[in-house]
Amino acid sequence: MADPTPGNPTAGQAEVLRFDDVHLAFGQTVVLRDLSFALHRGETLVLLGVTGTGKTTLLKLALGLLKPDRGRITVLGTDITELEEEELFPLRAQLGIVFQEMALFDSLSVHENVAYRLIEETVHGGKDYSDEEIERRVRECLRFVGLEEAIWKLPAELSGGMQRRVGLARALITEPPILLYDSPTAGLDPVTAQTILTLIIKLRDTRQAGALYVTHRLQDAFILANNCYDSQNEALKPVGGDGRGQPCGPTRFLLLRDASIYFVGSPADLVSARDPYVQRFLA
Amino acid sequence: MAGPVSVLNNLLKEKVLAVQDFTLLAWQSFRKIFARPRYLALTFEQMDVIGVGSLPVVVLASVFIGAVLVLQTADQFVRFGSPGLTGDVVALALVREIGPVIFALLVAGRVSSGIASELGSMQVTEQVDAMRALGTDPVKRLVIPRVVATVVVVPLLTIVGDLCGLLGGLLASTAVVRINPTQFWVRAYNAIEFGDAVQGLVKPVVFGLIISLVGCYYGLATRGGTRGVGRATTQAVVAASVLILVTNLFITKTVLWVNEMMGW
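The listed protein sequences derive, respectively, from chains A and B.
Numbering follows numbering that gives the first Met the number 0, in which position 281 of the first sequence is assigned residue number 280; successive positions increment by one, without gaps.
Numbering follows numbering that gives the first Met the number 0, in which position 13 of the second sequence is assigned residue number 12; successive positions increment by one, without gaps.
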């Protein structure tokens with residue numbers, strides 16, 4: 000099927016998520032109007048827009064936490080629009096999400112939070128992970144986000160930035176092919192925000208997961224688009240001085256306005272756009 | 000500005016939707032109660048929190064209720080020369096009516112509010128969404144353990160409460176009214192028939208269901224941050240208490256009819 004969104008540098012890559020004419024309203028308020036786009040493996044789609052334009056709602060639709068009024072949502076080739084909640088649970092193992100408010104289980108330790116999905120899969124009877132296997136994988140994920148020493152702490156004992164990193168580790172535990180980030184740097188100081196972004200870029204460039212990245216912070220979007228992870232130096236390196244070079248993991252921007260897609264394209268397309276609203280958004 | 004008809008229309012719709020959502024939650028809980036996965040450890044944990052946690056307040060309240068019942072009734076029976084009837088009245092009142100209802104109201108105040116605030120906090124901090132996103136059914140993990148625990152524990156609390164109430168009555172009748180303790184106890188014991196015990200145990204099962212389901216419903220329906228959690232907590236206690244009192248009438252009438260039919 001053709002990609003409904005133009006300017007896609009990953010055309011030809013496997014499609015992992017697709018929205019076709021998705022429409023959602025809460026009462027009289029239209030939240031998303033006939034939205035169509037596709038996300039490919041290894042690609043990052045940055046969802047931009049002012050607050051209240053339906054960015055978080057879009058992520059919830061992708062997870063099947065909300066149902067659209069009409070249209071179709073396809074995750075890894077499966078149409079999830081008509082699926083029952085119980086049928087969605089196995090599919091959700093293929094999606095990792097980092098919530099804006101972290102949403103860590105405050106009565107569980109960092110270990111239990113990160114291991115939650117593995118423990119649940121053992122409880123469900125589908126898989127049988129041993130305690131040693133679970134701890135090994137939890138430590139591996141926490142090491143990836145640089146928080147192995149916090150494994151036995153409770154979320155309340157961690158700072159906001161550390162909680163975000165635990166949220167990231169929790170999303171990673173099953174190595175999902177799709178990652179959803181809901182404003183992961185909102186409310187963080189610049190240094191912590193940079194740490195989170197570095198981790199996200201590292202994840203993109205080392206694991207090739209497709210990602211929907213919701214933000215209203217333009218600087219985050221451009222850091223994502225203009226940098227790739229240098230695994231030798233364990234740091235970010237720029238991909239072309241003016242941002243027009245091909246990034247390690249391709250990034251597209253999707254700007255929402257009044258419940259619809261207003262702009263979609265590469266970072267270079269966004270910067271060079273003459274549209275007054277885009278210009279105002281960039282200012 | 001919306002007219003009064005429109006306001007009334009919206010209010011009615013809101014109420015009907017609330018009833019629909021509550022019924023759906025109750026139906027899902029019953030439907031999934033035996034489905035895997037079963038969170039037995041969480042269920043036992045809830046039994047501890049709800050049952051053991053409520054025990055002191057139920058014991059304390061029941062002793063004083065039993066004593067007050069004796070003080071209020073003994074005087075009349077002494078006047079008619081039948082002080083021994085005090086035991087009958089206290090036993091019947093406690094086992095049939097006062098025990099199940101008062102203890103359920105006490106547990107509702109503690110448990111419905113606790114469940115609503117806990118689940119409400121989880122809802123407003125997106126923990127319930129996170130649970131669903133991580134492949135867990137909140138009804139199975141959060142609702143069913145609480146419902147099962149409350150339905151098991153409230154009848155047990157009622158039995159303990161009834162017993163403590165009778166002991167409180169015994170103490171008051173002996174110490175204040177000077178009724179022979181053996182006479183009080185034997186009459187109280189003999190007054191209770193099978194039908195009374197059925198009535199005294201059916202009610203707490205239904206009340207346990209109301210307490211837990213109402214708490215879970217208001218908790219999961221919480222919107223609007225910390226203020227919403229406070230509102231959900233209050234609404235849960237009020238709704239559970241009113242439902243207990245209203246349901247009590249219908250259960251009483253039904254059980255009395257069944258007793259009459261069965262000759263209990």
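Warning: the hint list may mix true and false statements.
[Said to hold, decoys possible] Chain B residues, not near chain A, derived (Cβ > 10 angstroms throughout):
{"hint": "1", "residue": "V4"}
{"hint": "2", "residue": "V15"}
{"hint": "3", "residue": "M130"}
{"hint": "4", "residue": "L133"}
{"hint": "5", "residue": "D136"}
{"hint": "6", "residue": "R177"}
{"hint": "7", "residue": "F193"}
[Claimed, not checked] Quick list of in silico lysine to any residue cross-link-like pairs, SDA-like style, CA-CA up to 20 angstroms:
{"hint": "8", "chain 1": "B", "residue 1": "K12", "chain 2": "A", "residue 2": "D274"}
{"hint": "9", "chain 1": "B", "residue 1": "K31", "chain 2": "A", "residue 2": "L82"}
{"hint": "10", "chain 1": "A", "residue 1": "K59", "chain 2": "A", "residue 2": "K201"}
{"hint": "11", "chain 1": "A", "residue 1": "K236", "chain 2": "A", "residue 2": "T197"}
{"hint": "12", "chain 1": "A", "residue 1": "K59", "chain 2": "B", "residue 2": "E259"}
{"hint": "13", "chain 1": "B", "residue 1": "K31", "chain 2": "A", "residue 2": "F25"}
{"hint": "14", "chain 1": "A", "residue 1": "K59", "chain 2": "B", "residue 2": "D136"}
{"hint": "15", "chain 1": "A", "residue 1": "K59", "chain 2": "B", "residue 2": "K252"}
{"hint": "16", "chain 1": "A", "residue 1": "K59", "chain 2": "B", "residue 2": "A220"}
{"hint": "17", "chain 1": "A", "residue 1": "K59", "chain 2": "B", "residue 2": "V138"}
{"hint": "18", "chain 1": "A", "residue 1": "K66", "chain 2": "A", "residue 2": "F25"}
{"hint": "19", "chain 1": "A", "residue 1": "K201", "chain 2": "A", "residue 2": "L82"}
{"hint": "20", "chain 1": "A", "residue 1": "K66", "chain 2": "B", "residue 2": "A220"}
{"hint": "21", "chain 1": "A", "residue 1": "K59", "chain 2": "A", "residue 2": "S265"}
{"hint": "22", "chain 1": "B", "residue 1": "K252", "chain 2": "B", "residue 2": "V175"}
Just so you know, the hints here were simulated from the structure itself, not pulled from any lab data.
In this text, a Cβ means the ideal position worked out from N, Cα and C, and glycines have one as well.
Structure-based check of all given hints:
1. Every C-beta of chain A lies more than 10 angstroms from that of V4/B, the closest at about 18 angstroms, which supports listing it as non-interface.
2. For V15/B, the condition that its CB be more than 10 angstroms from all CB atoms of chain A holds, with the nearest at approximately 15 angstroms.
3. Its beta-carbon lying about 8 angstroms from the closest one in chain A, M130/B breaks the requirement of being farther than 10 angstroms from that chain.
4. At the 10 angstroms boundary, the C-beta of L133/B falls inside the reach of chain A, the nearest C-beta of that chain being 5 angstroms off.
5. With a least beta-carbon separation of about 7 angstroms from chain A, D136/B fails to lie farther than 10 angstroms from that chain, contradicting its non-interface assignment.
6. Remark: the non-interface label on R177/B is consistent with the geometry, its nearest Cβ contact in chain A lying 53 angstroms away (cut-off 10 angstroms).
7. Distance check for F193/B against chain A: the nearest CB is about 42 angstroms away, which clears 10 angstroms, and the non-interface claim stands.
8. Distance hint between K12/B and D274/A is unfulfilled; the C-alpha atoms sit about 44 angstroms from each other, more than 20 angstroms.
9. In summary, the hint linking K31/B to L82/A is supported, as the alpha carbons are separated by about 18 angstroms, within the 20 angstroms threshold.
10. Of the pairs offered as hints, the one joining K59/A and K201/A is violated, with about 24 angstroms between alpha carbons and a cut-off of 20 angstroms exceeded.
11. This hinted pair checks out: K236/A and T197/A have alpha carbons roughly 10 angstroms apart, not beyond 20 angstroms.
12. The straight-line distance between the Cα atoms of K59/A and E259/B is roughly 56 angstroms, outside the 20 angstroms bound, and the hint therefore fails.
13. Our distance criterion of 20 angstroms between C-alpha atoms is broken by K31/B and F25/A, whose separation comes to about 29 angstroms.
14. For the suggested pair K59/A and D136/B, the alpha carbons sit about 16 angstroms apart, so the restraint of at most 20 angstroms is met.
15. Taking the CA atoms of K59/A and K252/B, the gap is near 48 angstroms; set against the 20 angstroms cutoff, the hint is violated.
16. Restraint check for K59/A and A220/B: satisfied, since their Cα atoms lie roughly 17 angstroms apart, inside the 20 angstroms limit.
17. The suggested pairing of K59/A with V138/B holds, with an alpha-carbon distance near 19 angstroms, which does not exceed 20 angstroms.
18. Taking the CA atoms of K66/A and F25/A, the gap is near 11 angstroms; set against the 20 angstroms cutoff, the hint holds.
19. Under the criterion of a C-alpha separation no larger than 20 angstroms, the hint pairing K201/A with L82/A is inconsistent with the structure, at around 33 angstroms.
20. At roughly 18 angstroms between alpha-carbon atoms, K66/A and A220/B fall within 20 angstroms of each other, so this suggested pair holds.
21. Restraint check for K59/A and S265/A: not satisfied, since their Cα atoms lie roughly 24 angstroms apart, outside the 20 angstroms limit.
22. The hinted pair formed by K252/B and V175/B fails the criterion: a straight-line CA distance of about 35 angstroms is larger than 20 angstroms.
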